[in-house]
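Assemble chain B onto chain W, guided by the hints.
These are the residues of each chain, in order.
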Amino acid sequence: MKSRNKKNPQKSEIENSLGFPTSSRHRNLFNSVGNKKSQEEMLGFVLIVVLVSVILLILMMIYLNRDSTQGDMENAEAGNYLTSLIQMTSDCKDYGGYKSVRELAFSCLDGESCLDGRETCEVLELEISEALETSWPLENRPEKGYEFLLKVENATRLQVTEGNSTGNFIGGVKDYSRGGEEVFISLRVYY
Amino acid sequence: MKTKKSQMKIQQMAFMIIALTVFLALAGLMIVAVRFADIKDSASLLREKNAQLLAVKIANTPELSCGKGFNLGGTKSNCIDFDKVMMLKQKIDKFKNVGTGNSEDNFWGRGVTNIEIRKVFPVENSSGVDKECTIGTYPNCDVIRLLSGEIIGTPTISFVSLCRKESEEREVYDKCEIAKIIVSYDKVN
Chain W
1 MKSRNKKNPQ
11 KSEIENSLGF
21 PTSSRHRNLF
31 NSVGNKKSQE
41 EMLGFVLIVV
51 LVSVILLILM
61 MIYLNRDSTQ
71 GDMENAEAGN
81 YLTSLIQMTS
91 DCKDYGGYKS
101 VRELAFSCLD
111 GESCLDGRET
121 CEVLELEISE
131 ALETSWPLEN
141 RPEKGYEFLL
151 KVENATRLQV
161 TEGNSTGNFI
171 GGVKDYSRGG
181 EEVFISLRVY
191 Y
Chain B
1001 MKTKKSQMKI
1011 QQMAFMIIAL
1021 TVFLALAGLM
1031 IVAVRFADIK
1041 DSASLLREKN
1051 AQLLAVKIAN
1061 TPELSCGKGF
1071 NLGGTKSNCI
1081 DFDKVMMLKQ
1091 KIDKFKNVGT
1101 GNSEDNFWGR
1111 GVTNIEIRKV
1121 FPVENSSGVD
1131 KECTIGTYPN
1141 CDVIRLLSGE
1151 IIGTPTISFV
1161 SLCRKESEER
1171 EVYDKCEIAK
1181 IIVSYDKVN
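Residue numbers (the working numbering), protein chains in the order written: chain W, 1 to 191; chain B, 1001 to 1189.
No wet-lab data here; the hints were simulated from the structure.
Honestly, I wouldn't trust all of these hints.
[As the list claims (entries may be wrong)] Here are the simulated PhoX-like cross-link-like pairs (lysine-lysine), alpha carbons at most 20 Å apart as the crow flies:
(1) W:K174 x B:K1049
(2) W:K37 x B:K1004
(3) B:K1005 x W:K36
(4) B:K1165 x W:K93
(5) B:K1004 x W:K36
(6) B:K1009 x W:K36
[What the hints assert, rightly or not] Here are a few chain W residues that sit away from chain B, every Cβ distance over 10 Å (derived from the structure):
(7) S38
(8) S53
(9) A76
(10) D110
(11) G117
(12) E130
(13) K144
(14) T156
(15) R157
(16) E181
[Unchecked claim] Some but not every residue of chain B turned toward chain W, in silico, with C-beta under 7 Å:
(17) F1023
(18) L1026
(19) N1078
(20) N1114
(21) R1118
(22) F1121
Remember, predicted model here, so these are calculated numbers, not experimental data.
Glycine included, each C-beta is placed from N, C-alpha and C at the ideal position.
Next comes chain W alone, as it looks inside the complex (with noise of 0.2 Å):
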């Protein structure tokens, strides 16, 4: 190489002056420097790759433990009783007779009343509330609590609950399409 420089001394000042390595000593310096490279790019890729593996094994714990402690909305036991309670006879009466909960529910959200004066949301509260009290009775039990709702839409327009509301629940939903409205009528029994 030196004997080329010697030779050419004109090429080996143009090839310094682009910062080209020329000499074997630079050849040297320059593979050592891309080994040095890969192997920071193999790191590189190596760190990426746990990374992303440590994130989907935390994503994958999050997902199995959210799984044990959310409720189950389709459990047939609460579902069940929510078709009987609001299957059930209240004792508001209008001029077609006494009114199951639905068709108070119903009454409720237009403001209705009852025969004898009192209001269907006082009336409707009043049922719900023993009738989970006593359905669902919270001392020495294994329930916590329990919340009904009554919903349009998004909106509460009647709420009952009892005792603590926890991540471990079952329940059942109703949903019915009323004047372009939907009104959901839903039961959580919390454990």
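Chain B in isolation, oriented as in the chain W frame:
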């Protein structure tokens, strides 16, 4: 130098393959775990639903269920006609030996030993003592024992509506209450 460089490239490739395999294996594991979690949930849900269906099936038999005479807003499932049950209770002996000829079979299904309907709300007797339904106590009673055999294993329970016809000022209306049907089997199929 060339050998070292190719060694380096092979190493790089090997690392990449290992890392990719680890990554794909973890991703696969995650998918499998999520899938299996769903299956486990579905299995427990199905088991629970099946157990409840055994009780619901009996509640929805024509001998117990509410007929066309009841106006329950379109849904007549899980509704038991109180009057029918009381009549059935009087003639329950006739149903005892009705089956397929198998000793475990009876009218209500294989291995059914006990059927009980218990009022949940409103309760007639708040003292906690059961007031059994007879012709004399009807309708102000709490428990109807249709089949009162030995209670073996875990009974299956389902909430139902217990409906009857009531009259007030010459007007007839449907009176529905919340009840539980409790069915015991000596063998769950």
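Which of the listed hints are not met by the structure?
-> Hint check: 7, 8, 9, 12, 20, 21 fail, others pass.
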